[in-house]
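Novice: What follows is each chain in one-letter form.
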Amino acid sequence: MSELSEASGLLGYVWLLVAIPAASAAVLLLAGRRADRWGHLLGCASVGAAFLLGLGMFGQLADLDEHRRAVEQQLWTFLAVGDLRVDFGLLFDPLAAVFVLLITGVGFLIHVYAVGYLAHAPHDQTHESAGTARRRFFGYFNLFVAAMLVLVLGNNYLLLYVGWEGVGLASYLLIAFWFSRPAAATAGKKAFLMNRVGDAGFILAIFLLFAQVGTVQFSGVFAGVAGMSSTVLLVLGLLLLLGATGKSGQFPLQAWLPDAMEGPTPVSALIHAATMVTAGVYLIARSHPIFSANLTLQTVVVSVGAATLLIGAIIGCAKDDIKRVLAWSTVSQIGYMFLAVGLGGVAYALGLIHLLAHGFFKAGLFLGAGSVMRGMDDQVDIRRFGGLWRFLPITWATFGLAWLAIIGIPPLSGFFSKDPIIAAAFDRPGWTGWLFGGAALLGAGLTAFYMTRLFVLTFHGPKRWTEGQRPHESPPVMTIPLILLAVGTVAAGWLMSTSVVDWLTPVFGEAPEPHGLLSHGQVTALTMAVVVIGGVGGWAMFRNGTALAPAPAGPVVTAARANLYGDAVNAALFEKPGRWLTRALVYVDNKGIDGIVNGLAAAVGGGSARIRRLQTGFVRSYAMSMLLGALLIVGAFVAVQAGWFA
Amino acid sequence: MTTDFQLPAIDYQAISPLLILFGVACLGVLVEAFVPRPARRRVQLGMALVGVLAALGAVVLLAGTNVVTAGGSVTVDGPALFMQGALLAFGVVALLLIGERRVEPGGAFVAQPAITVGSEADQRQASAPGATEVFPLAMFSLGGMALFIAASDLLTMFIALELLSLPLYLMCALARRHRLISQEAAVKYFLLGAYASGFFLFGVVLAYGYAGSVDLAAIHAAVDTSQMNPALLYAALALIVMGLLFKTAAAPFHVWAPDVYQGAPTPITAFMAACTKVAAFGALLRVTYVAFERLAWDWLPVIGVIAVLTMLVGAVLAVTQTDLKRLLAYSSIANAGFVLVGVLAVGRTGASSAMFYLVAYGFAVLGAFAVISLVRDREGETTHLSRWAGLGRRSPLVAGVFTVVMLALAGIPLTGGFTAKFAVFSAALEVGEGWLVIAGVVSSVIIAFPYLRVVVMMWLSEPSESTATMVAPGLLTGTALGIGALAVVGLGVVPGPVLDLAHDAALFLR
Numbered sequence: 269m270s271e272l273s274e275a276s277g278l279l280g281y282v283w284l285l286v287a288i289p290a291a292s293a294a295v296l297l298l299a300g301r302r303a304d305r306w307g308h309l310l311g312c313a314s315v316g317a318a319f320l321l322g323l324g325m326f327g328q329l330a331d332l333d334e335h336r337r338a339v340e341q342q343l344w345t346f347l348a349v350g351d352l353r354v355d356f357g358l359l360f361d362p363l364a365a366v367f368v369l370l371i372t373g374v375g376f377l378i379h380v381y382a383v384g385y386l387a388h389a390p391h392d393q394t395h396e397s398a399g400t401a402r403r404r405f406f407g408y409f410n411l412f413v414a415a416m417l418v419l420v421l422g423n424n425y426l427l428l429y430v431g432w433e434g435v436g437l438a439s440y441l442l443i444a445f446w447f448s449r450p451a452a453a454t455a456g457k458k459a460f461l462m463n464r465v466g467d468a469g470f471i472l473a474i475f476l477l478f479a480q481v482g483t484v485q486f487s488g489v490f491a492g493v494a495g496m497s498s499t500v501l502l503v504l505g506l507l508l509l510l511g512a513t514g515k516s517g518q519f520p521l522q523a524w525l526p527d528a529m530e531g532p533t534p535v536s537a538l539i540h541a542a543t544m545v546t547a548g549v550y551l552i553a554r555s556h557p558i559f560s561a562n563l564t565l566q567t568v569v570v571s572v573g574a575a576t577l578l579i580g581a582i583i584g585c586a587k588d589d590i591k592r593v594l595a596w597s598t599v600s601q602i603g604y605m606f607l608a609v610g611l612g613g614v615a616y617a618l619g620l621i622h623l624l625a626h627g628f629f630k631a632g633l634f635l636g637a638g639s640v641m642r643g644m645d646d647q648v649d650i651r652r653f654g655g656l657w658r659f660l661p662i663t664w665a666t667f668g669l670a671w672l673a674i675i676g677i678p679p680l681s682g683f684f685s686k687d688p689i690i691a692a693a694f695d696r697p698g699w700t701g702w703l704f705g706g707a708a709l710l711g712a713g714l715t716a717f718y719m720t721r722l723f724v725l726t727f728h729g730p731k732r733w734t735e736g737q738r739p740h741e742s743p744p745v746m747t748i749p750l751i752l753l754a755v756g757t758v759a760a761g762w763l764m765s766t767s768v769v770d771w772l773t774p775v776f777g778e779a780p781e782p783h784g785l786l787s788h789g790q791v792t793a794l795t796m797a798v799v800v801i802g803g804v805g806g807w808a809m810f811r812n813g814t815a816l817a818p819a820p821a822g823p824v825v826t827a828a829r830a831n832l833y834g835d836a837v838n839a840a841l842f843e844k845p846g847r848w849l850t851r852a853l854v855y856v857d858n859k860g861i862d863g864i865v866n867g868l869a870a871a872v873g874g875g876s877a878r879i880r881r882l883q884t885g886f887v888r889s890y891a892m893s894m895l896l897g898a899l900l901i902v903g904a905f906v907a908v909q910a911g912w913f914a
Numbered sequence: 002m003t004t005d006f007q008l009p010a011i012d013y014q015a016i017s018p019l020l021i022l023f024g025v026a027c028l029g030v031l032v033e034a035f036v037p038r039p040a041r042r043r044v045q046l047g048m049a050l051v052g053v054l055a056a057l058g059a060v061v062l063l064a065g066t067n068v069v070t071a072g073g074s075v076t077v078d079g080p081a082l083f084m085q086g087a088l089l090a091f092g093v094v095a096l097l098l099i100g101e102r103r104v105e106p107g108g109a110f111v112a113q114p115a116i117t118v119g120s121e122a123d124q125r126q127a128s129a130p131g132a133t134e135v136f137p138l139a140m141f142s143l144g145g146m147a148l149f150i151a152a153s154d155l156l157t158m159f160i161a162l163e164l165l166s167l168p169l170y171l172m173c174a175l176a177r178r179h180r181l182i183s184q185e186a187a188v189k190y191f192l193l194g195a196y197a198s199g200f201f202l203f204g205v206v207l208a209y210g211y212a213g214s215v216d217l218a219a220i221h222a223a224v225d226t227s228q229m230n231p232a233l234l235y236a237a238l239a240l241i242v243m244g245l246l247f248k249t250a251a252a253p254f255h256v257w258a259p260d261v262y263q264g265a266p267t268p269i270t271a272f273m274a275a276c277t278k279v280a281a282f283g284a285l286l287r288v289t290y291v292a293f294e295r296l297a298w299d300w301l302p303v304i305g306v307i308a309v310l311t312m313l314v315g316a317v318l319a320v321t322q323t324d325l326k327r328l329l330a331y332s333s334i335a336n337a338g339f340v341l342v343g344v345l346a347v348g349r350t351g352a353s354s355a356m357f358y359l360v361a362y363g364f365a366v367l368g369a370f371a372v373i374s375l376v377r378d379r380e381g382e383t384t385h386l387s388r389w390a391g392l393g394r395r396s397p398l399v400a401g402v403f404t405v406v407m408l409a410l411a412g413i414p415l416t417g418g419f420t421a422k423f424a425v426f427s428a429a430l431e432v433g434e435g436w437l438v439i440a441g442v443v444s445s446v447i448i449a450f451p452y453l454r455v456v457v458m459m460w461l462s463e464p465s466e467s468t469a470t471m472v473a474p475g476l477l478t479g480t481a482l483g484i485g486a487l488a489v490v491g492l493g494v495v496p497g498p499v500l501d502l503a504h505d506a507a508l509f510l511r
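From first to last, the protein sequence lines stand for chains A and B. Residues in the first sequence are numbered consecutively from 269, following our numbering. Residues in the second sequence are numbered consecutively from 2, following our numbering.
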């Protein structure tokens, strides 16, 4: 940790970053119908103002000496219980600054886009006016941004938890916003349940911290890490990791995330790209002294990341719903981030670079998907698209750039962020380097394959639309954010791979010399080869559409036939085993994890129903149970007194 | 033997809150007899409110007092004053709910609930203003509670217990609507309450047998010196604790709570949930911390098991409830378990966290019942969950208050519920009772679900034919709602002052 500086100038107003969106959320949710007409504008303006403020603070922070780049601001004492004292204090350091800019910057673009998207979204299911629904939506949206800012700006774990719960609550409301769809309500419930499992881990970790070091403030905790036994560190890290996996949709708590796709598209984008799912990565990055202090812990994090990135990529290959493919790809990409932060050292910065890059291109992809859906009457099945590039040129271009970025083609951001992660994974000593490096490499190939499939099926190949569809480009209020995000996608990767590492050095420390199994050049070459194979393979397989496409007609019958052979070979060699594997994973995912979750719920519910029968309503049976209770207590006390337990 | 009976010295100032409460209660009886019927309600309500506020003022003025007075039967110390203050603050809010009569024409009470429903006499009763007897009853009960918290010997405590309970049984039976379940609730509560009192009294007898005194401090002293068989002492401890746990609705003595909470008129349910809980835990804290502190290592595991059981039973059973009043009854059981966690962190931090928890819980639950009293159809209150679907669309403001309250009960940060849970759990950790914390976190995860389900029902489903209507709150209920919501949010965002106050107050005088 670097030393603290005096909070002067703009940096004395860090609290405004949280206060502006929070105040706006309060106005939107409490003002009632009066705010219907201008509510969405206020929502956008507040996040925009927070972004400008964050930018100014970022500038001031950059002017400070490299080793004193952090300011703290104590607002008031939040809790004082016994020896524990928790202040409502904010910490603005390079790590927080990066997140603030991402949240408010990308968040602002998504807000603007949402104005256009909601103008079109169906309101007929609700009795309330479109204006009221829109106002409420932006109220939740601002609440979400405010909670996320509390999460990244808090200077202690408890405040982080406050933001953590706030984000969960707001996302729960946002996911279930389209309440009339039962699926949306179920998805909201699932998200809530799985997040609670993670949250329980997190809050237990906070209590453990309190029991061990007597404080939950970051500086105090990290100073106390040296004094903890390795067992305590392991338990603490695992509890934090449980919280992080719940929030970030990582194995084994990944199932809720794709279901959350039921919310309106801008929400999906905001939740996925900029904010909520990155909270887990933030938690681990913020807790890096804890995770760096225990090798077993790092291995667990890396394993979770590697497993998730493969699971997400494989399932992503098998989905036909455009938003679900993107959701699984998010799961997979966050797997890369976990992998990176689990590797420790300089790889923390790599994970964060990938997070930032991902923030841009994934927001672009989701917003692009929303634009496609808007043009295609809310169709989400990619088998029903095709040939759209001619009709939605801006969406096509921006989506294409984001596609190239996510699969990691050189001049774009994904290359600069993903490639070093794969190299860093190979840098791990011994066989684990091969294992995790190999997994990351395989994941890159799969990503190239399924993203190409998605892109080709949507924008190229023959039209497979349903009757009477007339695709049309979205209005400027939606396309301008898309263009800005695309610019970010192009520019950000290179910018970040050079400057962000330097920027974060005071947080994570200097980069050690690589001592890997393969040189960086070799890894890059391998990665590129895998990506090209995946991408070209995907293009070749799907350029003529899929099962819904009309049979290929035309002069080149032999070629078509050859293609068919190819399909058959593909099917025999790759598709079937792949499908089995996918099915198995989907099965485990649906039955296994859900089974455990549902089973838990069923066990609680069933147990509840069974015990409920004891509540007969008869005074005599109540009196009997009280008597039994009394006998047990007296018996227990007498036993204690007689020393039977001693 | 000469009869040199001396009147004990009484510090009238120290017991002035009690005197005010009992005085107003007695005056209330006279008002019933002499004031003409049309003016009675206004006089009674005004007198009760002024009385409780005056008693609250007296408690505030007494801050810092530490005396044992009235012949050693009343202790006025930090915890007593803090909890009396909380009790009286809740009392004000509960009186506002009891006094409301815009929501239900004539008020929620009738004087003669035994009259056959729909008979001629009943119709006359229906047009007459409701029972004003409820005000002196509530004042007697409040006085009993205030004494219960401050009682420094077991006999005074027993008298206070009866004093607070008997009016409660009566008030449970006075519902204007749903009279049968109201009377059933009253009878059940009475029978089981009397049963529990029997256990308590038996415990008092055994304690006297062991220590030769019913004074809490004397029992404390006798723990080391008495020549009697210690089994007496342990049995006494078990039975006394059981009698008190009954009032807190801790498992396995919680069985009465769901039926009584559901059947009692909603303002009385609110009164019970907030005030009785404070009084019962006040007495429990005093008994365990003053009389039996030296046995703490022995009762910790036993009451610890009860706490875990209480939290889990309340949380798990809350999941399947479909009636809101029953849901809140199970929630009150689970919350009793959470307070017990604080009680079990024996020491100043434990006591202060338990007291803070009671404050946070009381305001939340008063707010919740205030909202429940507003959701009605032609048959009266509709407490079935399905009838609440889509209420958020119809009356966003009141539904918003209910949402805040539910979030507080679920322990979401920035509400009083979170601060309170955090306080009791960290207090338990400080004394090394990690197992209670784990059980507590697990239960709070489970019980968050039913609360959130209500929120979802209100906001995220469509209003339908069966959706009940939300009656616009009158001045009294509106004030109660406002106080509840503000307190819940205030205790979550800036809990510091109240936490400090609880900490300063949390030293028992022995």
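These aren't lab readings, by the way, just hints derived from the structure by calculation. There's no promise every hint is true.
[Claimed, not checked] With the Cβ distance kept under 7 Å, some of the chain B side facing chain A (calculated, not the full set):
| hint | residue |
| --- | --- |
| 1 | Asp123 |
| 2 | Val303 |
| 3 | Ile413 |
| 4 | Trp436 |
All residues carry an ideal CB built from backbone N, CA and C; glycine is no exception.
Novice: Each of the hints needs a verdict: does it hold here or not?
Specialist: Going down the list of hints, with the structure as the test:
Interface hint status for aspartate 123 of chain B: violated, as the beta-carbon distance to the closest one in chain A is roughly 26 Å, over 7 Å. Here the hint on valine 303 of chain B is kept, as its CB sits about 5 Å from the closest CB of chain A, short of 7 Å. Checking isoleucine 413 of chain B against chain A by beta carbon gives a least distance of about 6 Å; that is within 7 Å, so the hint holds. For tryptophan 436 of chain B, the shortest C-beta to C-beta distance to chain A is roughly 12 Å, which exceeds 7 Å, and the interface hint is violated.
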